[in-house]
Structures are given as structure tokens and as C-alpha cells.
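Colleague: Protein sequence lines, in the order shown, are assigned to chains A and L.
FYI, in this note's numbering the residues of the first sequence are 1 to 181.
FYI, in this note's numbering the residues of the second sequence are 1 to 281.
It cannot be assumed that every hint is accurate.
With a straight-line Cα cutoff of 25 Å, these simulated SDA-like cross-link-like pairs (lysine to any residue) come out [as the list claims (entries may be wrong)]:
| id | chain 1 | residue 1 | chain 2 | residue 2 |
| --- | --- | --- | --- | --- |
| 1 | A | LYS165 | L | PRO17 |
| 2 | A | LYS165 | L | GLU22 |
| 3 | A | LYS165 | L | LEU10 |
| 4 | A | LYS165 | A | GLU138 |
Quick caveat, the hints were computed from the structure, so don't treat them as lab data.
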Amino acid sequence: MSPSAATGGDEPGEAPSFGTIFREQAPFVWRLLRRIGVRAVDADDLCQEVFLVLHRRFAEIDTSRPLRPWVYGVAIRLAGEHRRRRRFAEGARESADVSAPALQHHELERRQLRDLLHEAIARLDETKRAIFVLHELEELSMTEIAEALSCPAQTAYSRLHAARKEVRAFFARLEARETVA
Amino acid sequence: MIDRDVPPLLHDGAALPDLLREALETATDDELPDGARMNRIEGELAAAIARGREQRASSPRVSGWRPAAPQRHIRFAAAKVGLAALVGMGAAWSGVEGYRVFQGAFERATMERPPPMPAIEPRNSARSVTAPSRREAPNLESSPSAVADPDPVFAPHAIATSEASPALSTKSNSVRHSDPPSPPPNIATAPPASLEEDLLERATRALRRDPTEALALADEHAHTFAAGRLAQEREVVAIQALSKLARFDAARARAKRFFERYPNSPYVNDILRLANAPAGP
Numbered sequence: 001m002s003p004s005a006a007t008g009g010d011e012p013g014e015a016p017s018f019g020t021i022f023r024e025q026a027p028f029v030w031r032l033l034r035r036i037g038v039r040a041v042d043a044d045d046l047c048q049e050v051f052l053v054l055h056r057r058f059a060e061i062d063t064s065r066p067l068r069p070w071v072y073g074v075a076i077r078l079a080g081e082h083r084r085r086r087r088f089a090e091g092a093r094e095s096a097d098v099s100a101p102a103l104q105h106h107e108l109e110r111r112q113l114r115d116l117l118h119e120a121i122a123r124l125d126e127t128k129r130a131i132f133v134l135h136e137l138e139e140l141s142m143t144e145i146a147e148a149l150s151c152p153a154q155t156a157y158s159r160l161h162a163a164r165k166e167v168r169a170f171f172a173r174l175e176a177r178e179t180v181a
Numbered sequence: 001m002i003d004r005d006v007p008p009l010l011h012d013g014a015a016l017p018d019l020l021r022e023a024l025e026t027a028t029d030d031e032l033p034d035g036a037r038m039n040r041i042e043g044e045l046a047a048a049i050a051r052g053r054e055q056r057a058s059s060p061r062v063s064g065w066r067p068a069a070p071q072r073h074i075r076f077a078a079a080k081v082g083l084a085a086l087v088g089m090g091a092a093w094s095g096v097e098g099y100r101v102f103q104g105a106f107e108r109a110t111m112e113r114p115p116p117m118p119a120i121e122p123r124n125s126a127r128s129v130t131a132p133s134r135r136e137a138p139n140l141e142s143s144p145s146a147v148a149d150p151d152p153v154f155a156p157h158a159i160a161t162s163e164a165s166p167a168l169s170t171k172s173n174s175v176r177h178s179d180p181p182s183p184p185p186n187i188a189t190a191p192p193a194s195l196e197e198d199l200l201e202r203a204t205r206a207l208r209r210d211p212t213e214a215l216a217l218a219d220e221h222a223h224t225f226a227a228g229r230l231a232q233e234r235e236v237v238a239i240q241a242l243s244k245l246a247r248f249d250a251a252r253a254r255a256k257r258f259f260e261r262y263p264n265s266p267y268v269n270d271i272l273r274l275a276n277a278p279a280g281p
């Protein structure tokens, strides 16, 4: 049986199968892991781990509800455990050298801009990083974020506020340096 | 509603450093994994699921995915047979539907080198998968609908709580109880594993056309391979056969023995649905 034949068979109106959910969600879980600073090779393993957890719980999960907050919550928790276990340095991922002098705004390629953003995110502590990425990049609502991270919405909000402040400050410093240069 | 008060930075109209605004805009182009990478992840996931199922069936203690699976052909054959059993039940069990979709991935996995073990040993994840373990004495008298509906305790929000970052949630789930160890087979006299697999495959195939034969084959399996690797799958087949034969009391009795022996089995929910299934064809 081909993978597509094996995985594509959801009938209209049926609850999505595990395979369908994997195909829909896994690429975004992988990207989320990258966005919170996980190296690509580790993102492969962690993405797999996320869906192993989902698979174990699949029979118990109400798939009629949005799964994304739950899946993202698992991804962030596993990434945190991974980070602590491996003790890989924050920002060990490929990132821009923000100490490079004379950054010229107009000279920055899009890739460099992305790297700068990832660098700013990597400097946040773990919780703030997750909330910032989930809200600003993944565009989850604060309710969904609170659900994903199992924290009160107000706590999520205050952490988002703090994360934004730090990220703004990071870019403000860069711009100031650019202006001076 | 707090959501409306906190739109993403790019949409809230607030003044942003130009560099930050452009960086956020470029982030929408963050790369998604390509198809080859996703296929590889899927294949490894399928293999890990098969490995975990086999270990749960045979290990006295399951604390995560362990390397050094015994014999490759047994490992994948066990997965295949277990999967076939679940596929057979899929028409009746929507909850098992998810397993079916991995058949292709399993087949692909068998064609490839055994995948590396995940770099992560999800001990906490394994520990958190405790839903069945709390059901050491499942209520077999409950209504089918009550069983079929997701337990609100394990609805996504509640699950998210149990899966949450330790930094945010200090409550830990109950410790997973291990399945009682199966007595080791007598190596000198145990029939070959391939016979065990063949027998269970025959029983599984017989389910559709002749539940009586399926039950007989399952009982033969129980007699010949009392402590076989596929004992749980065998019991699932037997209980399904009993249900098809409308022998619900026998099905419940066998299900009860199953729960006592394998309180943490991944098939607990499926068997609950079966044992509580209404009378029908």
C-alpha cells in the first residue's frame, strides 16, 4: 500500500485520522521548533516525539476541537526538556552575528532579517520565547497560548508584554548602532 | 476578550522599529520542511510506534523508547499483525482509525534500514500517558456512548495541562503503572515466532468472515503462545470475535481479565468500546 493510499482515506464528515493530522500539523510543528531555536536536525526528532505523544493519546483526544494549541504545547515542552537535557547553548542554532558592526538597514537581506529576529528570540528566556513565537509568528490567540502552555491567560499576557519589550529593545539597539555607523 | 486586546505586533498598528517590522514580515517566509524530510520523519515515527507497541507488550517496565529491539523481522511483523488487528476493528472503532493510516508507513519502514532511535527519550511523555492506567477496573457496565465520548479529563485542554512545561505546571501526573511482566518463554521449547505471527494473522483474517473460527484460532494462539509477544493483540481479536458472536458476557469477562493483566495496554480504550458495544451483527 502506498503511503498516500494508507493515509488519505478520510471520508467527509469523519473525524480526521492520525495520519491526516500528522500531515496537516507536522510541518508547522517542525517550523515552530525551528522558530524557538531548535536546530533542524533536532527538530526532526522532536517533531517525531510530539506526534508519538499525540499517537499515544489519540484515542482520548477530541479531534473536533482545535489541536494546534495542544500540539504546540507538547512541542514547546519537549523542546524545553531537550534543551535542558542537551544543554545546548541558547542561540547555538545558526544565527546572525549581531555584533557585526555597521549593519546597514537597506543592505540586510531577508535572510539576515530573519536571522536577526531569531537571534532576538533566542535571547528571550524559555517561557517568553515560546509565548512570543506562538503569538507573533504563529499568531495563536492568547487563549490558545494559555491553553497550550497551561498557564493563566493573564500570565501569558504579561510574559508576552515582557518579551515584546525585550525584542523591541534588541532591534532598537541595532537601529541605533546603524544610525551611529 | 483579551485576544482582541492583543493582536500580533504586525497588526496592532503600534509604532515599531523599522528593522523589527521588516524582520517580522520576513518571518512569514520561515521555511517549512520539504516533503523528503517529512517523509523521513513519518517513517521514523511509524517505526517508533511499532517499537513502542512491542515494548509495551513485552516489557515489565516502560519508561520510554529503548534501543536494541530484539529481532527486526519480529519487530515489524508484530507491528504488522497488531496493525492488521486494529485495521480489522477500524470499521467499528473510530478511535482506532488513526492506526490504519500508518500501515503504509510501516511497510515503508520495513524496506529501510532500522531507523535511529529518537534523540529524545520522552520519559515524561511516557509517564504522562497514564489514561488507561487509571482504569485498572474499567466499568464495563457503562453505556457505549459514555465510553465512546472522550473522557473530559483527557480533553485537549486537560491534556495540555498534563503536557505542560514543568516551569508552568508543577502538578505531575500519576506515575505510570507497568504492565505485569510476561513470563519469559522457554527458549528451548517455544514455537518459532513466525508461527505465532502466522496464527494471529489467520485469526485476524478470519474475523470478517467467520468469528467462530477467529475465536478458535485466538484460543489456539492462547494455548500455544500463552506468553507470546502478540498476547495483547490476540486478546483483542478474541474479544472482538466474542462481540461479533454476540457473546457479550464472555467478551466482558475476557476484557476484565485483559485489564487486570495489561492495565496500561494501548488497547484498553478499544476493548472498552468493544466490550460495551451494543448487540448487533
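Colleague: If a hint holds in the structure, say so; if it does not, say that too.
Modeller: Against the structure, the hints come out as follows:
{"no.": "1", "hint": "LYS165(A) with PRO17(L)", "in the structure": "holds, 12 Å"}
{"no.": "2", "hint": "LYS165(A) with GLU22(L)", "in the structure": "holds, 17 Å"}
{"no.": "3", "hint": "LYS165(A) with LEU10(L)", "in the structure": "holds, 14 Å"}
{"no.": "4", "hint": "LYS165(A) with GLU138(A)", "in the structure": "holds, 19 Å"}
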